[in-house]
Amino acid sequence: MILLEVLRKIGAAVLAFLASVGRLSLFTGTSLSHLLRPPFYGKSLLRQMISIGYNSLPVVGLTALFTGMVLALQSYTGFSRFAAESAVASLVVLSVTRELGPVIAGLMVAGRVGAAIAAEIGTMRVTDQIDALETLSTNPFKYLVAPRILAGFITLPLLVLIADIIGVLGGYLVAVYKLGFNGSGYLHQTVEFVQRGDVVSGLVKAAVFGFIVALMGCYHGYNSRGGAQGVGAATTYAVVSSSILILLSDYMLTAVFFSR
Amino acid sequence: MTAPVKISVRGLTKAFGSKKVLQGVDLDIVTGESVVVIGGSGSGKSVLLKCILGLIRPDSGSLLIDGRETVGLRGAERDRMRAPFGMLFQGAALFDSLPVWENVAFGLIQGHGVKRAEARDIAIATLAKVGLGADIGALNPSELSGGMQKRVGLARAIAAQPAILFFDEPTTGLDPIMSDVINELIVDRVKDLGATALSITHDMASARKIADRIAMLYQGKIIWQGPVAEIDRSQNEYVDQFIHGRADGPIRMQVRAS
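In order, the protein sequence lines correspond to chains A and B.
Numbering follows my numbering, in which position 246 of the first sequence is assigned residue number 246; successive positions increment by one, without gaps.
Numbering follows my numbering, in which position 148 of the second sequence is assigned residue number 148; successive positions increment by one, without gaps.
Think of the hints as simulated: they come from the structure by calculation, not from any bench.
Using N, Cα and C, we set each Cβ at its ideal position, and we do this for glycine too.
It cannot be assumed that every hint is accurate.
Stated by the list, open to error - Derived pair list, reagent style PhoX-like, types lysine-lysine, alpha-carbon separation capped at 25 Å:
| id | chain 1 | residue 1 | chain 2 | residue 2 |
| --- | --- | --- | --- | --- |
| 1 | B | K209 | B | K191 |
| 2 | B | K221 | B | K209 |
| 3 | B | K20 | B | K129 |
| 4 | B | K129 | A | K43 |
| 5 | B | K115 | A | K9 |
| 6 | B | K20 | B | K221 |
Claimed, not checked - Among chain A residues calculated to face chain B with C-beta under 7 Å, some are:
| id | residue |
| --- | --- |
| 7 | E85 |
| 8 | T127 |
| 9 | Q129 |
| 10 | L136 |
| 11 | T138 |
| 12 | S184 |
| 13 | H188 |
| 14 | E192 |
To be verified - Facing chain B, according to a computed beta carbon distance under 7 Å, are these residues of chain A, among others:
| id | residue |
| --- | --- |
| 15 | S95 |
| 16 | E99 |
| 17 | D131 |
| 18 | S137 |
| 19 | P140 |
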């Protein structure tokens, strides 16, 4: 009987998981179909791009700067044991453009923007504003969801491009002013080693992460229930699920781009 | 009854999980009349309203608007079905990211493609109809009191001159004087538009004021309906208990929310 009970619990959990995957897939499909059909809300898209991209610049720039700095410092202490200090520049630029730039920007934006989107749409849900949109002949997917998802998709690569540059700058600052590298030599090494593919793969990742963050924010906000507590839970789910999905898709994209 | 039936509800049922909220609602609303559905908290009034609007999909039953079936409509057809509706939500549900005038003009700009400048003029004129000056238009909804928000919500509902108006607990959370102001506005605006009105409330003063006909919803069914003048002679002990607000009687209060 205990065995049956355990099986029943497992079955229920699997069913619940499949149901939520199905709901998320439907939500994603509906959102994408509304991205492609008019009317388009250009002004709303612009406002979201400013909120997702421009307003995230300080926090993303700061984390990128320190990431680049700590990479240079750590790799120097490691490489100096093998007298391979010259590899510091290449390690910094490859790590930042391929991996750390998009992932750290994605996670920061998940915390900052994903939570904000979930809270805003969740509050609109629990105060009937989403129902009100529908009674005013406005589709909430078109008006609320599509501009946010598109803005995340477009803006995050731009943000990551800036983060890449700031990250390399952080490495440069530590290498030149703390570790005594020659400035022009460091830059030469950096440019020598980085290839277009490294940057482009990072930007593709960024676009995927931006899509994930906005989608999870919208999905959890749109489905929030039960007042302030429900909105709070939606924000948590949005941040946690987008962070996990970012790391998961990062691995899969890396496997696609670099394994051959 | 010579006027045609505007909204016809037949055998409407809706359950959330194991909780049966609507268990076969039948209700006819004639063009131009104002029907008020009364009932206790959790009796399914809001669900009924949202089903008719297509915000919630009923499990079974039929909903005819102007004789056309609306259950199961999707996409553009559903949007077209909703076009003649205006709704005042319980908490007003104003868009807090937009100033008051844009709230009122929202349906005109987004739904009907009216130009912003023109929509703004209509919004200001509509605000005047609910007793608000043009200066209110520039404020944010959060700066307004509950009664003012309800007025703006009413203005938003009537701005596109809908043929059907829905009111979800229009006086909840307002003091008696403001409640009466809102009731008067509702009566005037509905007459003015010649609209068909459906309201839900548990405020009997409000129901008596705005209704031509009253229907009582209890345990997912309409248990009594009749002209407003007959509500005190209903011979129905459920209705009697409700309109006199007695704790003792056949109605037991719902503990769980729907």
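To see whether the hints hold, each was checked on the structure:
Of the pairs offered as hints, the one joining K209(B) and K191(B) holds, with about 13 Å between alpha carbons and a cut-off of 25 Å not exceeded. Restraint check: the Cα-Cα separation between K221(B) and K209(B) comes to about 24 Å, which is no more than 25 Å; the hinted pair holds. For a cut-off of 25 Å, the pair hint linking K20(B) to K129(B) is broken: about 41 Å separates their Cα positions. Distance check on the hinted pair: K129(B) and K43(A) sit about 30 Å apart at the alpha-carbon level, beyond 25 Å; violated.
Pair hint K115(B) plus K9(A) does not hold up; C-alpha atoms about 57 Å apart against a cutoff of 25 Å. The straight-line distance between the Cα atoms of K20(B) and K221(B) is roughly 11 Å, inside the 25 Å bound, and the hint therefore holds. The restraint placing E85(A) at the interface with chain B is violated, with a minimum CB-CB distance near 54 Å, outside the 7 Å limit. Taking 7 Å as the C-beta contact cut-off toward chain B, the hint placing T127(A) at the interface holds, the least distance being around 6 Å.
Interface hint status for Q129(A): upheld, as the beta-carbon distance to the closest one in chain B is roughly 5 Å, under 7 Å. Proximity of L136(A) to chain B holds as hinted, the smallest CB-CB distance being about 4 Å (cut-off 7 Å). Given hint, T138(A) at the interface with chain B, holds; its Cβ is 4 Å from that chain's nearest Cβ, closer than 7 Å. Among the interface hints, the one on S184(A) is violated; its C-beta lies about 50 Å from the nearest C-beta in chain B, farther than the 7 Å criterion.
For H188(A), the interface hint is violated, the least distance from its beta-carbon to any beta-carbon of chain B being 50 Å, above 7 Å. With 7 Å as the threshold, the beta carbon of E192(A) stays out of range of chain B, its nearest partner Cβ sitting at about 49 Å, so the hint is violated. Hint status for S95(A) relative to chain B: violated, with the closest Cβ pair at about 40 Å, above 7 Å. Restraint check, E99(A) versus chain B: the minimum CB separation of about 37 Å is more than 7 Å; hint violated.
With a cut of 7 Å, the hint placing D131(A) at the interface with chain B holds, because the nearest CB-to-CB distance is about 5 Å. Satisfaction of the interface hint for S137(A) is found here, the shortest Cβ-Cβ separation to chain B being roughly 3 Å, below the 7 Å cut-off. Taking 7 Å as the C-beta cut-off, the interface hint given for P140(A) is violated, the closest approach to chain B being about 11 Å.
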